[in-house]
Amino acid sequence: MFDGFSLDVSAGCITGVIGPSGCGKTTLLRAVVGVQRTTSGTVEVLGLPAGSPELRRRVAYATQVASLHDDLTVAVNLRHLAALLGAPRDDVDDMLTATDLRAQAQQQVSTLSGGERHRASLAAALLGHPEVLVLDEPTVGLDPELRRDLWALFRHLRDGGATLLVSSHVLDEAMRCDDLVLLRDGRAIAQGTPREVLREAGASDPEEAFLALVAADRARSRSAS
Amino acid sequence: MSARRVLATWARVLRQLRADPRSVVLLLVAPSALLALFAWLFEGTGRFGRVGPVVLALFPFVVMFLVTSVTVLRERRSGMLERLLTTPLRRGELLAGYALAFGTAALVQAVVTVALAVGPLGLEVSGSPALLALVAVVDALLGTTTGLLASAFATTEFQAVQLMPVLVFPQVVLGGVFVPREAMGPVQQAISDVLPLSYAVQAAQAVATGASEGAVWRPLGVVAACILLAVALGATTLRRRTP
Chain A
1 MFDGFSLDVS AGCITGVIGP SGCGKTTLLR AVVGVQRTTS GTVEVLGLPA GSPELRRRVA
61 YATQVASLHD DLTVAVNLRH LAALLGAPRD DVDDMLTATD LRAQAQQQVS TLSGGERHRA
121 SLAAALLGHP EVLVLDEPTV GLDPELRRDL WALFRHLRDG GATLLVSSHV LDEAMRCDDL
181 VLLRDGRAIA QGTPREVLRE AGASDPEEAF LALVAADRAR SRSAS
Chain B
1 MSARRVLATW ARVLRQLRAD PRSVVLLLVA PSALLALFAW LFEGTGRFGR VGPVVLALFP
61 FVVMFLVTSV TVLRERRSGM LERLLTTPLR RGELLAGYAL AFGTAALVQA VVTVALAVGP
121 LGLEVSGSPA LLALVAVVDA LLGTTTGLLA SAFATTEFQA VQLMPVLVFP QVVLGGVFVP
181 REAMGPVQQA ISDVLPLSYA VQAAQAVATG ASEGAVWRPL GVVAACILLA VALGATTLRR
241 RTP
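Chains as they are written, first to last, in the working numbering: chain A, 1 to 225; chain B, 1 to 243.
Any given hint could be a false lead.
[Unchecked claim] Covered, in the sense of this in silico footprint (three residues per stretch, anywhere, with C-beta under 8 Å from a C-beta of chain A), are these stretches of chain B:
#: 1; region: 42-55
#: 2; region: 74-80
#: 3; region: 138-149
[What the hints assert, rightly or not] Listed below are several chain A residues computed to face chain B (Cβ distance under 10 Å; list not exhaustive):
#: 4; residue: Arg30
#: 5; residue: Leu48
#: 6; residue: Leu68
#: 7; residue: Asp70
#: 8; residue: Pro88
#: 9; residue: Thr97
#: 10; residue: Ala98
#: 11; residue: Ala124
[As the list claims (entries may be wrong)] What follows is a list of derived Cβ distance ranges for each label pair:
#: 12; chain 1: B; residue 1: Met1; chain 2: A; residue 2: Thr39; range: 48 to 56 Å
#: 13; chain 1: A; residue 1: Gln106; chain 2: B; residue 2: Met1; range: 50 to 58 Å
#: 14; chain 1: B; residue 1: Val112; chain 2: A; residue 2: Leu7; range: 38 to 46 Å
#: 15; chain 1: B; residue 1: Phe169; chain 2: A; residue 2: Pro88; range: 44 to 52 Å
#: 16; chain 1: A; residue 1: Thr97; chain 2: B; residue 2: Ala3; range: 48 to 56 Å
I should point out that these hints are in silico values taken from the structure, not numbers from a laboratory.
Glycine residues also receive a C-beta, built at the ideal position from the N, C-alpha and C atoms.
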């Protein structure tokens, strides 16, 4: 899948993995969590091979399709995961508050709206205060107000020392990250702070930058072949 | 093995079952209703005494096979299994939690069905009814573990349900239910010998006829060994890393 790919994610930062659908964002995140079968290459998280048993309490993953038990309530889902993680019971209430889901706590997951489901999945990932949070498109389909609140939460977690790896195909989200990786066809076509990426592309907004970088990359691969 | 994580899984699976009251009712009522039908059919012929214990042995196996294979398949396909395996939960703990939860359901089912059989339906059991319930629970666990294994070979719930007749009917046909095993030809007997349900039926019949304790425990031991084998094979299909 990945071609000569090397990426260093800085600790204590929000790194955005940006790119069109099918560019390998989810595969990259799964490799970091250690559930992707890899044929070559190494992925290390916090100095340990990805997926090591010691990492399972320190690294949390929220999948793109919110992975929760549909037939249980939000609170029961979170309590179950908290028990598996050995997280304190207070965590469940804290995360329900952080994701603004207190009113839905006793509701079955199958009856939640898309946005609520996403937040519930995020709340599950926050249990036990993981050091590394891997979030696959955590804000997709959410309204602007909620998106703003969640980004405030992400920054709050980062300021508390957490490292976040967040994927998105929404380019304006890129500007909210500390670091950016632009993926295309399994390759990183640009890396750096949002400002650096914009400067490299000679563009003023991320959408323009992305199009310019993709065009440049396409031209490069065409001349190479 | 962490008791906390096993118990968390056990409680979660039972809550999921409870969230579906119609399934719970079917789980408890269907075997009893079938048993009552047999009792009525064979009324006054004395044959209920032979068929009853076999139904008590087969039904938990079939029901738990279906319940487990569909539940686990759903978990695999929804990405929930992958999500769970990114937590400290180990595969053995997950399997133990499942076995414990479905075993609990099977215990309630067995108590209800056996009580009905030996009570109102007048099934005469020479051995102890408690032992008959134990046989039913062990058979249910065999159904759970085989269902778990089968869920790895199905990609839809429809397939999982259809695997049931494929795996179960041959075992019923050759398990000594219709034709006693001693009356079978050598090839049929050889096949029957390697089918786990043959031993489940044997154990149930041994309790019913009041055979020696050894005649109950020996086949039950074979069934227990098959459970462990299915768990070991099932564990290899729960992969943390997938393509």
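Okay, the hints, checked on the actual structure:
no. : hint                           : result
1   : 42-55                          : violated (count 0)
2   : 74-80                          : holds (count 3)
3   : 138-149                        : violated (count 0)
4   : Arg30                          : holds (9 Å)
5   : Leu48                          : violated (14 Å)
6   : Leu68                          : holds (8 Å)
7   : Asp70                          : holds (8 Å)
8   : Pro88                          : violated (13 Å)
9   : Thr97                          : violated (22 Å)
10  : Ala98                          : violated (19 Å)
11  : Ala124                         : holds (8 Å)
12  : B:Met1 / A:Thr39: 48 to 56 Å   : violated (32 Å)
13  : A:Gln106 / B:Met1: 50 to 58 Å  : violated (32 Å)
14  : B:Val112 / A:Leu7: 38 to 46 Å  : violated (58 Å)
15  : B:Phe169 / A:Pro88: 44 to 52 Å : holds (50 Å)
16  : A:Thr97 / B:Ala3: 48 to 56 Å   : violated (30 Å)
Of the numbered hints stated above, those contradicted by the structure are hints 1, 3, 5, 8, 9, 10, 12, 13, 14 and 16, listed in ascending order.
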